[in-house]
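Participant: Line order of the protein sequences matches chains A and B.
Heads up: the first sequence begins at 1 in this note's numbering, then just goes up one per residue.
Heads up: the second sequence begins at 1 in this note's numbering, then just goes up one per residue.
Treat each hint with caution, since some may be false.
[Said to hold, decoys possible] List time: in silico SDA-like cross-link candidates among lysine to any residue, alpha-carbon distance up to 20 Å: (1) B:Lys69 with A:Gln109; (2) B:Lys46 with A:His102; (3) B:Lys46 with A:Thr548; (4) B:Lys69 with A:Gly123; (5) B:Lys69 with A:Met129; (6) B:Lys46 with B:Gln17; (7) B:Lys46 with A:Gln109; (8) A:Lys93 with B:Lys46.
If you're looking for bench data, these hints aren't it; they were derived computationally from the structure.
From a predicted model like this one, the values you see are computed outputs, not experimental measurements.
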Amino acid sequence: MKSAHFPFLESRTKAQTGIVGFDEITGGGLPRGRTTLLTGGPGSGKTIFALQFLVYGAQYSKEPGIFVAFEETPQRIVANFETFGWKLGKLQKKALFILDAHPTPDLIQSGAFDLSGMLAGLGAKAQEMGARRIVFDAIDIVLALLPDQASKRREIYRLHEWLLARELTGLITVKADGDEEISLGRHSFGFMEFMVDCAVVLNHRVELGVSQRNLRVQKYRGSNFDENESPFVIGKGGFDVAVSRMLGRVDAKVTKERVTSGVKRLDTMLGGGYYRGASVLITGFPGTAKTTLSGAFAEAACRRGERTMFIGFDSDGTEVIRNLTSVGIRLHRYVKNGLLRMISARTITGSAETLLVRIKALAKEHKARCLVIDPVSTLSKAGNELTAHGVAERLIDWSKADGITLVCTGLLDEKSGPTDGGTPLQISTLADTWIHLNYLVQAGERNRGLSIIKSRGTAHSNQVRELILSDSGVTLADIYTAGGEVLMGTLRWERESAERVASEVADVAGKLRRVSLDAEEAVLEVRAKSLQTELVAKKVEKTLLTRTTESREQELSRGHTRMRELRGGDAAAPRRKKAS
Amino acid sequence: MFKFRLYVAGDTLNSMQALANLTALCREYLPNRHHIEVVDLLREPKRALADGVLMTPTLVILAPSPARKIVGTLNQTQTVLRTLGLGTLVV
């Protein structure tokens, strides 16, 4: 049995039902020792609800219970509910008693009767087994045998008094046809709602061919409760009531850990990747590589060794794997070693609620830490428009609470323009990171552009990048903006190669210039050297010249002296000597 | 010989009426060939579930067989007689 046990919801005044969500709505379950009325149309799940309440009490709350079946035989009930995995047979020995109270068809009736006998018998039984809970399933069947309104009322009061006197937590189920609003007020035991302490209405509607189940607590004396209709599904483990996060519930653990998106450049754009436990939305038109991006994320998660689940609503798991292989994302091996689970949900129809419950169950089963839903917009398929938003909210809430990193893709309607970036689910406001993919048709080709619209709590690039898929993987390239125009694809390539050529030319020109400068330098150096030599020669010449001049002057002055001597002008006038 | 067992719930109105109706009927149509056993479920509550009698009053016709059950105060004498196979006695 699938039951959530919430210790914080335990209360002395309330009897837990173990029904996922219901105990949260009512703040702990049904009023203990009091009577609850459960109404609903055919097939709305009254019996399941009632039985689940008893089974939970018997199994987990040490409260044995009695089930009074006015409609079905105990054998049939046990057989019908084996499918939920509730071990009724085992419980029946001690903690659960099913009383066969369905009127036999050959019953002959003459005049008024009452239920005193049954209540006396039940009283003895309850005492014997120490029962704390009791269910009267489809009391309307036996009441219908009573001749008039007055006696019906009398029996209901008798029942009520009996329950109160024994302080049993009672649950009475009553049929209501179709729309509760109309029928409840009119049917003969409408006053029961006023008598009981708690009234719960189950509703089963079909909207655009999709079945929607709702549960609503109509009244609850002495307790606050969630007054809204809550969708529920009857799953493998019984009831599963969808509740939005209640106030006062502990916030999900927040971590600063990053996980890679599977695309290196995208991680850089996000400042390190997605946050663990974040919900990421990838929107785009068909064919913008949403699945590829989510596949890259899944592959990266598996490479880290994290259990991952990929739910594809568009194509089969094997198809997805094959298609992703073409862009270098190889998921096959991870499916083989059990890390990755591919779920193909293409053909699953049903309410968004059902889908969510299944997704939750599967993720729990696989112990997934990373989850991909491709595309999440499936939730808002026909008939689900009203509930899909709430479901998406709860999906994100649930994944956060469980610390699951969620990547969902969202299909945008081709008709809504590229500027109209919203998603039909309005999930975009809830998601932590929103990556948008679009096309740019230019020069006869279609190219993919990627931009990050938002990413809470991370610095992220505001640049549009071109997303390039090749057989070696997914890469992001800068786009060229020239003259207010964005260039992608071939145009970008052209621009890139043109720039390459231009830079080569410049490079060569630079080299040439350097060579010629070198040459000039060499010439100048040579010239400088020859000049140096010339300078030295000149200096030598100059020295020589000075010396020659000096010796001649000496010679001259000696000559003069000799001449004076020769002329004998002075006393000492020796022999004549010529200057050499 | 007609053997009856009447399950009652103490001296509640319905039960008392049923007992009165049954004795009157027997006196009129089955003098000296009937036997009435009264089971008070308030005194023997375990018999309710054991005997499969949940509504009170319930009359069980033990003989002649097959066993039949009539629920209610037995105020419609004709229905009771027809069930007993005595329908032709009624004028």
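Participant: Give a verdict on every hint.
Facilitator: Outcome of the hint check:
1. B:Lys69 with A:Gln109: It holds: about 8 Å lies between the C-alpha atoms, which stays within 20 Å.
2. B:Lys46 with A:His102: 18 Å, holds
3. B:Lys46 with A:Thr548: 161 Å, violated
4. B:Lys69 with A:Gly123: 23 Å, violated
5. B:Lys69 with A:Met129: 29 Å, violated
6. B:Lys46 with B:Gln17: Measuring from Cα to Cα gives roughly 23 Å; hence the hint is violated.
7. B:Lys46 with A:Gln109: 23 Å, violated
8. A:Lys93 with B:Lys46: Distance of about 17 Å is within 20 Å: holds.
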